[in-house]
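Here the protein sequences come in this chain order: A, B, C and D. Position 78 of the first sequence, counting from 1, maps to 77 under numbering that gives the first Met the number 0, and the rest follow consecutively. Position 130 of the second sequence, counting from 1, maps to 129 under numbering that gives the first Met the number 0, and the rest follow consecutively. Position 177 of the third sequence, counting from 1, maps to 176 under numbering that gives the first Met the number 0, and the rest follow consecutively. Position 172 of the fourth sequence, counting from 1, maps to 171 under numbering that gives the first Met the number 0, and the rest follow consecutively.
If you are wondering where the hints come from, they were derived from the structure by calculation, not from laboratory data. These numbers come from a predicted model, not from an experiment. For every residue, glycine included, the Cβ atom is placed at its ideal position computed from N, Cα and C. Fair warning: there could be bad hints in the mix.
What the hints assert, rightly or not - Among the chain A residues that face chain D by a calculated CB cut under 8 Å, a handful are:
{"id": "1", "residue": "152"}
{"id": "2", "residue": "271"}
{"id": "3", "residue": "274"}
{"id": "4", "residue": "276"}
{"id": "5", "residue": "277"}
{"id": "6", "residue": "278"}
{"id": "7", "residue": "279"}
{"id": "8", "residue": "280"}
{"id": "9", "residue": "283"}
Unchecked claim - Below, in silico cross-link-like pairs of lysine to aspartate or glutamate (DMTMM-like), each with a Cα-Cα straight-line distance of 25 Å or less:
{"id": "10", "chain 1": "A", "residue 1": "138", "chain 2": "A", "residue 2": "246"}
{"id": "11", "chain 1": "B", "residue 1": "34", "chain 2": "D", "residue 2": "21"}
{"id": "12", "chain 1": "A", "residue 1": "249", "chain 2": "B", "residue 2": "241"}
{"id": "13", "chain 1": "B", "residue 1": "130", "chain 2": "B", "residue 2": "241"}
{"id": "14", "chain 1": "B", "residue 1": "328", "chain 2": "B", "residue 2": "196"}
{"id": "15", "chain 1": "C", "residue 1": "224", "chain 2": "A", "residue 2": "243"}
{"id": "16", "chain 1": "C", "residue 1": "224", "chain 2": "B", "residue 2": "283"}
{"id": "17", "chain 1": "C", "residue 1": "249", "chain 2": "B", "residue 2": "196"}
{"id": "18", "chain 1": "C", "residue 1": "130", "chain 2": "B", "residue 2": "246"}
{"id": "19", "chain 1": "C", "residue 1": "328", "chain 2": "D", "residue 2": "334"}
{"id": "20", "chain 1": "A", "residue 1": "249", "chain 2": "B", "residue 2": "196"}
{"id": "21", "chain 1": "D", "residue 1": "249", "chain 2": "A", "residue 2": "252"}
{"id": "22", "chain 1": "B", "residue 1": "40", "chain 2": "D", "residue 2": "334"}
{"id": "23", "chain 1": "A", "residue 1": "249", "chain 2": "D", "residue 2": "334"}
{"id": "24", "chain 1": "B", "residue 1": "249", "chain 2": "C", "residue 2": "276"}
{"id": "25", "chain 1": "C", "residue 1": "224", "chain 2": "A", "residue 2": "283"}
{"id": "26", "chain 1": "B", "residue 1": "224", "chain 2": "A", "residue 2": "240"}
{"id": "27", "chain 1": "C", "residue 1": "130", "chain 2": "C", "residue 2": "336"}
Protein chains: 4
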Amino acid sequence: MINIGVIGYGYWGPNLVRNFSEIPGATVKTVSDFKPELLAKVQARYPKINLTTDCRDIFTDPNIDAVAIATPVSTHFDLALAALQAGKHVLVEKPMTVSSEQAMRLIDEAKKRNLVLMVDHTFVYTSAVRKMRDLVVTKTLGDIYYYDSVRVNLGLFQHDVNVIWDLAVHDLSIMNYVLPSQPYAVSATGMSHVPGEPENIAYLTLFFEGNLMAHVHVNWLAPVKVRRTLIGGSQKMIVFDDLEPSEKLKVYDKGITLNGNKEESIYKMLIGYRTGDMWAPHLEMTEALRIEGLHFIDCIKTGTSPITDGEAGLQIVRILEAATQSMKKQGRLVELDLMKVAA
Amino acid sequence: MINIGVIGYGYWGPNLVRNFSEIPGATVKTVSDFKPELLAKVQARYPKINLTTDCRDIFTDPNIDAVAIATPVSTHFDLALAALQAGKHVLVEKPMTVSSEQAMRLIDEAKKRNLVLMVDHTFVYTSAVRKMRDLVVTKTLGDIYYYDSVRVNLGLFQHDVNVIWDLAVHDLSIMNYVLPSQPYAVSATGMSHVPGEPENIAYLTLFFEGNLMAHVHVNWLAPVKVRRTLIGGSQKMIVFDDLEPSEKLKVYDKGITLNGNKEESIYKMLIGYRTGDMWAPHLEMTEALRIEGLHFIDCIKTGTSPITDGEAGLQIVRILEAATQSMKKQGRLVELDLMKVAA
Amino acid sequence: MINIGVIGYGYWGPNLVRNFSEIPGATVKTVSDFKPELLAKVQARYPKINLTTDCRDIFTDPNIDAVAIATPVSTHFDLALAALQAGKHVLVEKPMTVSSEQAMRLIDEAKKRNLVLMVDHTFVYTSAVRKMRDLVVTKTLGDIYYYDSVRVNLGLFQHDVNVIWDLAVHDLSIMNYVLPSQPYAVSATGMSHVPGEPENIAYLTLFFEGNLMAHVHVNWLAPVKVRRTLIGGSQKMIVFDDLEPSEKLKVYDKGITLNGNKEESIYKMLIGYRTGDMWAPHLEMTEALRIEGLHFIDCIKTGTSPITDGEAGLQIVRILEAATQSMKKQGRLVELDLMKVAA
Amino acid sequence: MINIGVIGYGYWGPNLVRNFSEIPGATVKTVSDFKPELLAKVQARYPKINLTTDCRDIFTDPNIDAVAIATPVSTHFDLALAALQAGKHVLVEKPMTVSSEQAMRLIDEAKKRNLVLMVDHTFVYTSAVRKMRDLVVTKTLGDIYYYDSVRVNLGLFQHDVNVIWDLAVHDLSIMNYVLPSQPYAVSATGMSHVPGEPENIAYLTLFFEGNLMAHVHVNWLAPVKVRRTLIGGSQKMIVFDDLEPSEKLKVYDKGITLNGNKEESIYKMLIGYRTGDMWAPHLEMTEALRIEGLHFIDCIKTGTSPITDGEAGLQIVRILEAATQSMKKQGRLVELDLMKVAA
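Same shape as in the complex, but just chain A (with noise of 0.2 Å):
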């Protein structure tokens, strides 16, 4: 049995607690938080919980084996590294991090240790992102040639923290587990409509070796909720639309040919329009964060590395960075293997 240490319960906390309290094999023994009120709601709801205002219990509880940090960006990376240094496992929020510095201090602490480092990137463990995966690296799109996503609504603006590190990283982490290969650089523009405020909307464009590219939308100021991706192939192209409530993800055999025959001109490739089924494969519906969590506590079981490890979760952290940094330079470009701070 697992013990784990929840920090946290504020609007993510709930859902690892409820999560892990249902999964075969760990056991919630601890909640920290400290606002007393919240505490409340999990003695009203898990009696058995312990509970206490102050995380460095947690630390200290040496029938703790593992720790979900659930808290505001800023303090992942204090209260991560705490818990690593008592030699607990840890999954912390995404992002990460705040920097790609924390983020690879994390990753040194955690394998100096042989724990158990690793970044809820939710979306990661949905049956949608996972067929998309399945369907990139099995070739049935062929080759890739862009992703694009979009991800806007009204709300909920941050204070500490830009657009793109509260929505982008979304599909960054989608992104990053679903295309063959990493970015080299990224160019990206964003704008504030709060005087004092981080940037509300925002776009990326990430570029990758060869003819591959990305690009994310994300804006809390939109009239309209849009979560939507396309994957370009050479083969077949997809539509991921997240607020479809079935038919999430379609695939559609389309794409163009190119014609080696060059009757027409010399000088032009000959482009022909394929135009196939469209299909919807049937997802399965079991809970992202319970397919993580099972994943988790395998990881520390069988001593393996997770999917989202801490090398995925500074991936992200490092394009949010350079994204950030781009962005107050109206566009330019800044590379991603620059950013790489000495280990």
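We have chain A; now place chains B, C and D onto it with these hints.
Only chains B, C and D this time, still in chain A's reference frame:
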């Protein structure tokens, strides 16, 4: 009666001929196209129209008052210049020319000869776009925060111009008409997925003075067709979906409210979210090209300048040039006023 | 403080307990269910609530003022009657009873004892339905011409009642609240596709005095979920799509105009088509069951009759009976007043 | 070469003329219409076609092989009979005639003279409808349980026929082609909202042997346009939405499974729900009327009977008659075989 010569009877020419044939006060006297099979189609439908494979017959006909040019963009400058020099008023397809230098040369020529020079930014004459402009001009939306447009589908790949010149020209002409100010710089990214061919996917960010920005996403290689524009304002926001058979335009009484009372924190602006009714104004069904044709004839008769005059055409060409330049440099900002060429 | 006993903690009971727990002036004192595992769930979430497997404990508790009954429909009559006879106010799930005779008996009992008898027609308390009623009552729609509702999905097949009693009961309760008059007869058709089981697909036409009609289509065996109601009026028309996350209600300024000037023909009415704006009023998000719960408590305190009182419940049961009867006779008209049973 | 005469150049005639003009092996020789202004349109587009205001010129022309009739339904019988008696093959608009007696008379006449008699049930020749038939015929859907169709919009009110004859005729012709058997009875309800005019809203239930039923909802007075058909089968189910620009047809691998193992109850069938992939087959874009025209020419040349022959036309007219009769009696069942008139 204004006699019109139409050059080019390919994709768009038939629409020009049909509309000018039905507009009171105008007559299509001659159509030229270098493909006889296309002229045969004119003959079948409009037996009274003169036909020629040599467009110079139009320029030399003293009874022709105005010329409508619907040929590939690379030929616009030469044809329009010849027409103006022959003393004809000119309506030219968009994009106006392949360079801002050419566009300025045409503007000069028209001004010198006191002729009407109009660019066929058809969307500007649709009831949806005119309604959007009304809502902006009357401050119904409040201050404008952003303009975001997506225009993607499968095909038709062009060989001589990239996707920006082919598709974004529509969005930029709408934007130029609807927004209260002009952009000062552009950052663009894009890619070609067919070796040796121009970019088939592109993203443009446009920067304006103040806190207004615009973004356009265009793509010839998308599995689905999307024609959707969001306009965010401080009071209201718009969704314009041109594929909706009815209710193309939806006006949302949504937004944020900023609270000066900073009780919770002296560092943070209190942001509230406001959600009210949605309203889809009824839009007239008159074909845009008919309204545009009537406007062209009226401008000729009254000697006034059209809404989509040479200057409007030039502004769009300037943005297209700058975007193409920025795209080569992976998003590097290109300022629009630096591109000005001495007149 | 009104003390409430809830009977039945299956599908709907938890919603009743949750809402009454949060309503000021009400307390859930006891929950009964004959399945101990369901009572264990109550215990985990609401440690202070008394539990019993014998609902008679609720009837005999002098401190309980009101009883909410969320059990299968076949048990409604006995439980409600016992509760009323024990002097308790009653809120009973829909359909109220399995026969109009039973419904009338409960109405009599409640009247005799001066107790509140309310039927849980939850939809009546949603903001969308209340807005529809407003639009009808204020004559915004003009004269009402028709009410057309579709409620189809895959599952859940019931074994004890046909699809009309399970699904159409929702539409009928909405219709009953929104329309200005009562139907006088029903014609229904339907079929079972599972041997020995009740009808899983059905169509009901309801006739009203004047030129108003209603139709309800219900189906447990549909590939997609549809929840859509059209209301046609002489001035305006409504589309109510309950699956829309926002803009559930759309009001169309559309209709026909009749022209008395019969120039074209002395035999024909000249009909014109009028198309104006569409408007989607903002709807409050308060949970319907909370509003309904507050109304129940208020009716108990003030001794007033609820909107969805026993009479409303009886009207629906009468239509359900008549529809089932008509369905057996493949659409033969069944008049509703003929079914009246002497009180 | 088959020479064709077209009678009527109002709403549908131009489509017939255009298609027959482009079909190899066919020529439109003459068009008749009693309105000279409509004939002027023919002249402008097709200068070689003969024109007449007297349709008898078509019957008496020995070089005309076939006649296409696109006039109001009340004139179909007289015109088709005259054409057949003049030895011409006939393609007649739907509904075939105003009575089944007339339809039978035409069938007899065509049979006696060995002429092709075809009814223009255009939808039968669309790729979507042919695909649906394939899916039924190949038992891909399993046993067919129901056919449910909605065809509503605002306008165009007819003065001479009710909404069933105008709109349901489409659904019935599709149903007749797609379903494996014929209905034996109909129950219909409907209403007129314009004094003195025919019913503008109607609902038809059709009964078949076995556990198959069909329902059609038609309405000239709806705020939105809907063209949607559901077909439920024991293996798969279809949604056909004719307003979708692409993916008009969606095949759902959904249904119920019946479990013989009656552990839970000896009285109840155990019903499970099965949800699998959705698939939208690619549909060819060829215009239905072109396919239909080719079929007509082919039937004439080979002496075979068309898919939508006189018998098919008669079956639809019989249902329209019966539905109208049932509607007058507020849903009273009208059996279709009782209506048979001795040939």
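Hint-by-hint comparison with the structure:
| no. | hint | in the structure |
| --- | --- | --- |
| 1 | 152 | violated (26 Å) |
| 2 | 271 | violated (15 Å) |
| 3 | 274 | holds (6 Å) |
| 4 | 276 | holds (5 Å) |
| 5 | 277 | holds (4 Å) |
| 6 | 278 | holds (5 Å) |
| 7 | 279 | holds (4 Å) |
| 8 | 280 | holds (5 Å) |
| 9 | 283 | violated (10 Å) |
| 10 | 138(A) / 246(A) | holds (22 Å) |
| 11 | 34(B) / 21(D) | holds (21 Å) |
| 12 | 249(A) / 241(B) | holds (22 Å) |
| 13 | 130(B) / 241(B) | holds (13 Å) |
| 14 | 328(B) / 196(B) | holds (17 Å) |
| 15 | 224(C) / 243(A) | holds (12 Å) |
| 16 | 224(C) / 283(B) | violated (34 Å) |
| 17 | 249(C) / 196(B) | violated (46 Å) |
| 18 | 130(C) / 246(B) | holds (22 Å) |
| 19 | 328(C) / 334(D) | holds (13 Å) |
| 20 | 249(A) / 196(B) | violated (29 Å) |
| 21 | 249(D) / 252(A) | holds (15 Å) |
| 22 | 40(B) / 334(D) | violated (54 Å) |
| 23 | 249(A) / 334(D) | violated (45 Å) |
| 24 | 249(B) / 276(C) | holds (10 Å) |
| 25 | 224(C) / 283(A) | holds (18 Å) |
| 26 | 224(B) / 240(A) | holds (14 Å) |
| 27 | 130(C) / 336(C) | violated (30 Å) |
Violated hints for the displayed structure, listed by number in ascending order: 1, 2, 9, 16, 17, 20, 22, 23, 27.
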